[in-house]
Amino acid sequence: MNLYAIRAIYRFEMARTGRTLMQSIASPVLSTSLYFIVFGAAIGSRMGDVDSVNYGAFIIPGLIMLTLLTESTSNASFGIYLPKWSGTIYELLSAPVSWIEVVIGYVGAAATKSVILGLLILITARFFVDYHIEHPFWMAGFLVLTAVTFSLFGFIIGVWADGFEKLQVIPLMIVTPLTFLGGSFYSISMLPPLWQKIALFNPVVYLVSGFRWSFYGVSDVNAGLSFGMTLGFMLVCLGIVWWIFRTGYRLKN
Amino acid sequence: MPAIISIAGLGKTYKSGFTALKNINLDIQRGEIFALLGPNGAGKTTLIGIVCGIVNPSAGTVLADGHDIVKDYRASRSKIGLVPQELSTDAFETVWATVNFSRGLFGKPADPALVEKILRDLSLWEKRDAKIMTLSGGMKRRVMIAKALSHEPSILFLDEPTAGVDVELRRDMWNLVRGLRENGVTIILTTHYIEEAEEMADRIGVISKGELILVEEKHQLMRKLGKKQLTLQLQNPLTQIPAGLSDYALELSADGNELIYTFDTQAEQTGIAALLRRLSEQGIDFKDLHSSESSLEDIFVSLVRTNA
Numbered sequence: 028m029n030l031y032a033i034r035a036i037y038r039f040e041m042a043r044t045g046r047t048l049m050q051s052i053a054s055p056v057l058s059t060s061l062y063f064i065v066f067g068a069a070i071g072s073r074m075g076d077v078d079s080v081n082y083g084a085f086i087i088p089g090l091i092m093l094t095l096l097t098e099s100t101s102n103a104s105f106g107i108y109l110p111k112w113s114g115t116i117y118e119l120l121s122a123p124v125s126w127i128e129v130v131i132g133y134v135g136a137a138a139t140k141s142v143i144l145g146l147l148i149l150i151t152a153r154f155f156v157d158y159h160i161e162h163p164f165w166m167a168g169f170l171v172l173t174a175v176t177f178s179l180f181g182f183i184i185g186v187w188a189d190g191f192e193k194l195q196v197i198p199l200m201i202v203t204p205l206t207f208l209g210g211s212f213y214s215i216s217m218l219p220p221l222w223q224k225i226a227l228f229n230p231v232v233y234l235v236s237g238f239r240w241s242f243y244g245v246s247d248v249n250a251g252l253s254f255g256m257t258l259g260f261m262l263v264c265l266g267i268v269w270w271i272f273r274t275g276y277r278l279k280n
Numbered sequence: 007m008p009a010i011i012s013i014a015g016l017g018k019t020y021k022s023g024f025t026a027l028k029n030i031n032l033d034i035q036r037g038e039i040f041a042l043l044g045p046n047g048a049g050k051t052t053l054i055g056i057v058c059g060i061v062n063p064s065a066g067t068v069l070a071d072g073h074d075i076v077k078d079y080r081a082s083r084s085k086i087g088l089v090p091q092e093l094s095t096d097a098f099e100t101v102w103a104t105v106n107f108s109r110g111l112f113g114k115p116a117d118p119a120l121v122e123k124i125l126r127d128l129s130l131w132e133k134r135d136a137k138i139m140t141l142s143g144g145m146k147r148r149v150m151i152a153k154a155l156s157h158e159p160s161i162l163f164l165d166e167p168t169a170g171v172d173v174e175l176r177r178d179m180w181n182l183v184r185g186l187r188e189n190g191v192t193i194i195l196t197t198h199y200i201e202e203a204e205e206m207a208d209r210i211g212v213i214s215k216g217e218l219i220l221v222e223e224k225h226q227l228m229r230k231l232g233k234k235q236l237t238l239q240l241q242n243p244l245t246q247i248p249a250g251l252s253d254y255a256l257e258l259s260a261d262g263n264e265l266i267y268t269f270d271t272q273a274e275q276t277g278i279a280a281l282l283r284r285l286s287e288q289g290i291d292f293k294d295l296h297s298s299e300s301s302l303e304d305i306f307v308s309l310v311r312t313n314a
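As you go down the protein sequences, you meet chains D and W in turn.
Taking this note's numbering, the leading residue of the first sequence gets 28, the next gets one more, and so forth.
Taking this note's numbering, the leading residue of the second sequence gets 7, the next gets one more, and so forth.
No wet-lab data here; the hints were simulated from the structure.
Check the hints yourself; a few may be wrong.
[What the hints assert, rightly or not] No more than 30 angstroms apart at the CA atoms, straight line, and that leaves these computed lysine-lysine pairs for DSSO-like:
no.: 1; chain 1: W; residue 1: Lys114; chain 2: W; residue 2: Lys77
no.: 2; chain 1: W; residue 1: Lys146; chain 2: D; residue 2: Lys279
no.: 3; chain 1: W; residue 1: Lys234; chain 2: D; residue 2: Lys111
no.: 4; chain 1: D; residue 1: Lys111; chain 2: W; residue 2: Lys77
no.: 5; chain 1: W; residue 1: Lys114; chain 2: D; residue 2: Lys111
no.: 6; chain 1: W; residue 1: Lys224; chain 2: D; residue 2: Lys279
no.: 7; chain 1: W; residue 1: Lys133; chain 2: D; residue 2: Lys111
no.: 8; chain 1: D; residue 1: Lys111; chain 2: W; residue 2: Lys137
no.: 9; chain 1: W; residue 1: Lys123; chain 2: W; residue 2: Lys146
no.: 10; chain 1: W; residue 1: Lys215; chain 2: D; residue 2: Lys279
no.: 11; chain 1: W; residue 1: Lys215; chain 2: D; residue 2: Lys111
no.: 12; chain 1: D; residue 1: Lys279; chain 2: W; residue 2: Lys293
no.: 13; chain 1: D; residue 1: Lys111; chain 2: W; residue 2: Lys28
no.: 14; chain 1: D; residue 1: Lys279; chain 2: W; residue 2: Lys77
no.: 15; chain 1: W; residue 1: Lys234; chain 2: D; residue 2: Lys279
no.: 16; chain 1: W; residue 1: Lys133; chain 2: W; residue 2: Lys146
no.: 17; chain 1: W; residue 1: Lys234; chain 2: W; residue 2: Lys215
no.: 18; chain 1: D; residue 1: Lys193; chain 2: W; residue 2: Lys234
no.: 19; chain 1: D; residue 1: Lys111; chain 2: W; residue 2: Lys21
no.: 20; chain 1: W; residue 1: Lys77; chain 2: W; residue 2: Lys215
no.: 21; chain 1: W; residue 1: Lys137; chain 2: W; residue 2: Lys123
no.: 22; chain 1: W; residue 1: Lys224; chain 2: W; residue 2: Lys234
no.: 23; chain 1: W; residue 1: Lys215; chain 2: W; residue 2: Lys28
no.: 24; chain 1: W; residue 1: Lys137; chain 2: D; residue 2: Lys193
no.: 25; chain 1: D; residue 1: Lys111; chain 2: W; residue 2: Lys293
[To be verified] Examples of chain W residues lying across from chain D (beta carbon under 8 angstroms, computed):
no.: 26; residue: Tyr79
no.: 27; residue: Arg80
no.: 28; residue: Ser84
no.: 29; residue: Ile86
no.: 30; residue: Leu88
no.: 31; residue: Pro90
no.: 32; residue: Ser94
no.: 33; residue: Lys114
no.: 34; residue: Pro118
no.: 35; residue: Trp131
[As the list claims (entries may be wrong)] Covered stretches of chain D (chain W as the covering partner; in silico rule of three or more C-beta atoms under 8 angstroms from a C-beta of chain W):
no.: 36; segment: 29-37
no.: 37; segment: 116-127
Note that CB positions come from ideal geometry on N, CA and C, so glycine has one too.
When you get a sec, could you build the whole thing from the sequences and use the hints?
Right, here's the structure in full:
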C-alpha cells in the first residue's frame, strides 16, 4: 500500500478545501441555516408534529442529508475532474499507485469535508431548534457511509464528465430533486398511497429515513434496509470505479 | 549490461482505428541520453505515454529496469520520471507544495533538503512560495522538471522539454540534463530541435508513421548517412557543367558561380585531388573553396522523406 501517495492526495484535496473555505464550508452552512429559519422556525412553528417529532427537529436529518449528498457528489467530482481538465492527471496515471489508493485519497478527502459540513449543520441547528440523537453510533455510521458512498458516486461523475456543465448536471438535475422528493421535509406516510409506493423507488428515501431513525427512532422504512441499501449502492459505485481504472475509461488515451 | 528499458513488439491502435505504433522494438541502455526524433503525429508521445502508464498498449511488452510496466507497475513506475510536452500544472498550488505532492505520490517520504536542492538547481528556490499561475512559461517548465525529479527517478522522459523556452533556458536545461546523466540517470528525450539531439544525444531513434525506422549511435549515424560537400567559387561563371567533368557528382549553382561536389565520407578516396587536377586541365579557375558536412537535421529530413 502506497500510504505516502494516499496522504499526498488527501492533503492536496483538503488544502483545496482550505483555499475555498467560503465556498466549501460557509456557503452550505449559511444556506442550511436559511432552511432552518424558513421551514423550521417560521413555517414549522405553525405546523403540527410529524411522527410525534416537532417539525423543526423533524427536518434536521433531511437537511443534513441534502447537504451531505450534494456536497459529497460535487466535491469528489470536482476533485478528480480538475486534474483531468488541467492535464495534471498524467502525474496520477504515471505514479506507482493502485486504483484503491487513488480512491481512498480523493474520496476520503471529499467524505471528510462532507462529514465536517454535516456536523457543522448539526451544531448550527442547535441555535434554531431542540433535537436529540437516540442512536448516536448509528447516526455517525449513516453519516460516514452516506458521505463515502456519494463521494464515490461523485468520483464517477468527475471521471465521466468532459465539461463543467456535465459536472453540474447530475447533482443539480438528479441528486437534488431526489433528495427533496425523498422525504427531507416530510414523512412518506403523509403522501397518498400510490405516491408512497412510487417514493420507495427513490433511493434517497432510504437514506433520509434511516438517518432520521438514528435521531428519533422513527422511520418510513426499516433502518436495517436503509443501511443495506446504502451499503449496496456503495459497493456498486466501488465496482464502477474499479472498472474505470481497469479499462482507463475517460482517464487514459 | 541489460537494457534499462526494453520494448518488444509494442503496438497501439486507438478505438478510432488509428494505428499510432507498429511493432516497436527498442532497447535503451543504462545511463545514455537517447533522442527520439520524428515529425508531428509520428507516435513519439504515444510511445512515452505507454512506457509511463498513461496510455494502454494494444500489443507487446515493456520492461523498465527489469519490471513489466503492466504486471509490476509499482516497481517500474517508481523508476520513471516524466516531463510531458504540455505545460500542465496545478495553477493554484505553490511551487513547494506541488513538488512535495509529486514526491509523496511516488511513494517517497518527505525530504525537504532534497526538494530544496532540486529547486535550487533549477533556479526555483526564490519562487518556492509563489503560486504556479504567477510564473512565466519557462518557470512552469522548470517546475514540471522539478516534479519529475522529486522522487529521484533513474529514468527520465523529457517530451519536448525545450519547446517554447528561450535560448538561455534551453542551455540551462541542456546543462541540467548532462548533470543528471553524470549522476547515472538515463534520459529519453523527444525534440523538434534537431540541434538539441545533435548536441546532447548518445543515440538517435527516428520514428515515422508509428514505425521505428532507425536507431543508431549519433556519431555513427552522421558518418554513415552524412554527406560532405565541397563548394568551389568559380573565377568565371559557367553555363553548364563541362563534359569532361561528367564522371564527378557535381552540381552547378543557379547563377553558375559555384560548383558543388558531393562526396562519400566513408570512401577511401574522396576524389577531391583528382577533381582539382581535372578542373585545372579544363582551364576552370576558382577563387575560393570550402567544405561542409550534412547536419543531423539534413539526415533526419532525408530519412523521413524516404519513409513518406
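Hints, verified against the model:
1. W:Lys114 with W:Lys77: At roughly 21 angstroms apart (the allowed maximum being 30 angstroms), Lys77 of chain W and Lys114 of chain W satisfy the hint.
2. W:Lys146 with D:Lys279: holds, 24 angstroms
3. W:Lys234 with D:Lys111: Cα-Cα ~50 angstroms, so violated.
4. D:Lys111 with W:Lys77: Holds, at roughly 25 angstroms.
5. W:Lys114 with D:Lys111: holds, 24 angstroms
6. W:Lys224 with D:Lys279: violated, 34 angstroms
7. W:Lys133 with D:Lys111: Within the cut-off at roughly 26 angstroms; holds.
8. D:Lys111 with W:Lys137: holds, 20 angstroms
9. W:Lys123 with W:Lys146: holds, 17 angstroms
10. W:Lys215 with D:Lys279: Holds. Lys215 of chain W to Lys279 of chain D sits at ~21 angstroms (cutoff 30 angstroms).
11. W:Lys215 with D:Lys111: The hint holds at about 28 angstroms.
12. D:Lys279 with W:Lys293: violated, 63 angstroms
13. D:Lys111 with W:Lys28: At roughly 28 angstroms apart (the allowed maximum being 30 angstroms), Lys28 of chain W and Lys111 of chain D satisfy the hint.
14. D:Lys279 with W:Lys77: holds, 17 angstroms
15. W:Lys234 with D:Lys279: The given pair, whose Cα atoms are some 46 angstroms apart, is violated under the 30 angstroms limit.
16. W:Lys133 with W:Lys146: holds, 11 angstroms
17. W:Lys234 with W:Lys215: Answer holds: Lys234 of chain W to Lys215 of chain W is near 29 angstroms, not above 30 angstroms.
18. D:Lys193 with W:Lys234: Roughly 60 angstroms separates the two Cα atoms, so the pair is violated.
19. D:Lys111 with W:Lys21: Distance ~20 angstroms between Lys111 of chain D and Lys21 of chain W Cα, so the pair holds.
20. W:Lys77 with W:Lys215: holds, 28 angstroms
21. W:Lys137 with W:Lys123: holds, 19 angstroms
22. W:Lys224 with W:Lys234: holds, 16 angstroms
23. W:Lys215 with W:Lys28: Given pair Lys215 of chain W, Lys28 of chain W holds - Cα atoms ~8 angstroms apart, limit 30 angstroms.
24. W:Lys137 with D:Lys193: holds, 28 angstroms
25. D:Lys111 with W:Lys293: violated, 64 angstroms
26. Tyr79: Given a least distance of 7 angstroms, the restraint on Tyr79 of chain W holds.
27. Arg80: Status holds, d = 4 angstroms.
28. Ser84: With a closest approach of 5 angstroms, the Ser84 of chain W hint holds.
29. Ile86: Check passed: Cβ of Ile86 of chain W comes within 7 angstroms of chain D, closer than 8 angstroms.
30. Leu88: Where the cut-off is 8 angstroms and the nearest Cβ of chain D is about 5 angstroms from Leu88 of chain W, the hint holds.
31. Pro90: With a minimum Cβ separation of about 5 angstroms from chain D (threshold 8 angstroms), the hint on Pro90 of chain W holds.
32. Ser94: holds, 3 angstroms
33. Lys114: Because about 6 angstroms separates Lys114 of chain W from the closest Cβ in chain D, which is inside the 8 angstroms limit, the hint holds.
34. Pro118: With Cβ-Cβ at 15 angstroms, over 8 angstroms, it is violated.
35. Trp131: Violated, because the Cβ-Cβ distance from Trp131 of chain W to chain D comes to roughly 21 angstroms (cut-off 8 angstroms).
36. 29-37: holds (count 6)
37. 116-127: holds (count 9)
Violation of the numbered hints given earlier is confined to hints 3, 6, 12, 15, 18, 25, 34 and 35; the remaining hints are satisfied by the structure.
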